[in-house]
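Colleague: As a plain string of letters, each chain reads:
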Amino acid sequence: MRVDQLMQFHEDPRVIAWWQVRFGGMLAWLTPFRRRIILATGAVWVMVKELRSLIGTDDLAMPVEGRGVVLAGLVLLGLAWLFYRAAAGFASLPAWIRQHPQLALHGVYWGFLGLAWLSTPAMGVWQQVLLVVALVFPFLVWRFGYMLLMAQYGRMAGTRFYDHFLTFWPVYGGSNTPYGKGMGYLSRCEAKNAEELARSQLAGIKLLILSGLWNVTLDLMEALFYGPGNALTARLGGYTVGIPKLSQLVADEGAGTAFWISWISVYCELIYQVLRHAVRGHQIVAVLRIFGFNVFRNTYKPLLSESIVEFWNRYYYYFKELMANFFFLPTFAQLGSRLRNWPRVRLFAAVFAAAFVGNMYYHLIKMNELMVQGHVLDGLYELRSRFFYCFLLALGIYISMLREQRRAGQPATPGRLRRFLRIAGVWTFFGLIFIWNVKGGASFTARVNFFLSLFGLAPAA
Amino acid sequence: MMGAQREQRLQDLIRFLRTIQKPNRPIDSVGVNEGLVASGLIDSLAIVQIVVYLEQTYGIDFAAGGFDPDRLATMASILDLIEETCR
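For the record, the sequence lines run as chains A and B. Take 1 as the starting number for the first sequence in the working numbering and just add one per residue. Take 1001 as the starting number for the second sequence in the working numbering and just add one per residue.
None of these hints come from the bench; they were simulated from the model. Idealized CB from N, CA, C, for every residue including glycine. Treat the hints with caution; some may be incorrect.
[Said to hold, decoys possible] So these bits of chain A aren't anywhere near chain B, every CB distance computed over 12 Å:
no. : residue
1   : G184
2   : S337
3   : R340
4   : M401
[What the hints assert, rightly or not] Which chain B residues face chain A? A few, computed with CB under 10 Å, are given here:
no. : residue
5   : A1046
6   : V1048
7   : V1052
8   : E1055
9   : F1067
10  : A1073
11  : D1080
12  : R1087
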């Protein structure tokens, strides 16, 4: 058996047939209805677990008690039900909401935030309820958003509350970004018979194997590249190349480090981040596939991308889709009548709406504890380096899209060297802009100084 | 049986898609009901080029009716959208 055949085992008809024979009973039992019920039951468990973890938290204006969390849970359930009813009866909603459902949804979030800011200890447990609801809402808002998009496109018919609920507190995992998007996308990818389920499950198993492999690679990277290494380093004879982490180099502004080591660290960080996303994303998508939702991977060979826009598509697919669905495509469509004769301006506006404005907004409301306490400006200040990162990202994507449009329809460019140079260019672009996105407390100026040090332009002390 | 007008629109659409297809994924290898993004013919952001094509060729106004990317997922669904709009 060739390596490529081995890698594509999940597509091999013999393997699929074997899986169907071996696990025929399970495949027959695991009907779409049962699969959804299992995931919805899991969602209840996740909701309870997540809310329980908030009991006793003292990061908010006041400590949260068990009673407050229970009531907040009921309010959140009520909101989920209300948004479901609104989506199910979308046609009967007021015209403004039908035209701007996402604005209305985010208006509700900001309304709860406003109430949380105005709340006082005199309100007793209701203050805690407001704080918890406003705290949890950023996790739910994009998930409710996908449900409303489905309603806007007239695809709600035949879906029940539990179908959507399983995406609200997904047992398969996720961050504020909904992996697998909403039920609209999930149901389109859902296995309808035993053979499709077998295919989907085998594809999920492949992702679990890949996730394990990339996890080992991450450990090896930590052990062999990054100094001082980890527990594995000792087992491997104590050898480590000793490359500093990018966050550390940025904080030190590259001082005392040879510039070529800094460059290696830049590229290592890119590889590290790609692997980290792949490990987590593969696990989540694997669970979805095992439950019959054969959705796209979150990360698909981004390091082989030949353009910036291709990398953005492949690196963190579900975040890119979120930006595309809620910012890029609506902006592009809305500007159709006004900017029809200025296609480049229209594209520029849509790209910046997504990669810059949407990206910043997503990360601002993700800082939920600061938001709940009313420290919106502090949140924006925290994101000051990200502003620059998002600006460069948006600019890069825009230019890349224009270049892709020019290249489209032409035959593939021959030559490994040209392909290698394109890939190297993409690595360099993302490696460099990541200087303004790497975690750590480094100031914007420190990041600029580190960037300059890569070119031997360290500012005078 | 595909109507003559639908067949003509499909040929026009294929001609257009040939101008935006990725170099290593020719349109001739993609079925009418196959996902354009899923097949790798285009990426999901390149859908905007199909939007512009439909606006310019058929006068479809995406701002008015909301923009559902799924309607542009396959050649068949694009043809359905054109028929609904031009009806």
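Colleague: Would you mind marking each hint as holding or not holding in the structure?
Modeller: Hints and how they fare:
Not every Cβ of chain B is farther than 12 Å from the Cβ of A/G184; the closest lies at roughly 8 Å, contradicting the non-interface assignment. Look at A/S337: its CB is around 6 Å from the nearest CB on chain B, not clear of 12 Å, so calling it non-interface is violated. A beta-carbon of chain B comes within 12 Å of the beta-carbon of A/R340; the shortest separation is about 7 Å. At the 12 Å boundary, the C-beta of A/M401 falls inside the reach of chain B, the nearest C-beta of that chain being 6 Å off.
For B/A1046, the interface hint holds, since its Cβ comes within 10 Å of a Cβ in chain A; the closest pair sits about 7 Å apart. Proximity of B/V1048 to chain A holds as hinted, the smallest CB-CB distance being about 5 Å (cut-off 10 Å). The restraint placing B/V1052 at the interface with chain A holds, with a minimum CB-CB distance near 6 Å, inside the 10 Å limit. Annotation: interface hint on B/E1055 holds; nearest CB of chain A at approximately 6 Å, less than 10 Å.
Satisfaction of the interface hint for B/F1067 is found here, the shortest Cβ-Cβ separation to chain A being roughly 4 Å, below the 10 Å cut-off. For B/A1073, the interface hint holds, the least distance from its beta-carbon to any beta-carbon of chain A being 9 Å, beneath 10 Å. Because the smallest distance between the Cβ of B/D1080 and any Cβ of chain A comes to about 14 Å, over 10 Å, the interface hint for this residue is violated. For B/R1087, the interface hint is violated, the least distance from its beta-carbon to any beta-carbon of chain A being 17 Å, above 10 Å.
Hint check: violations occur at hints 1, 2, 3, 4, 11, 12; the rest are consistent with the structure.
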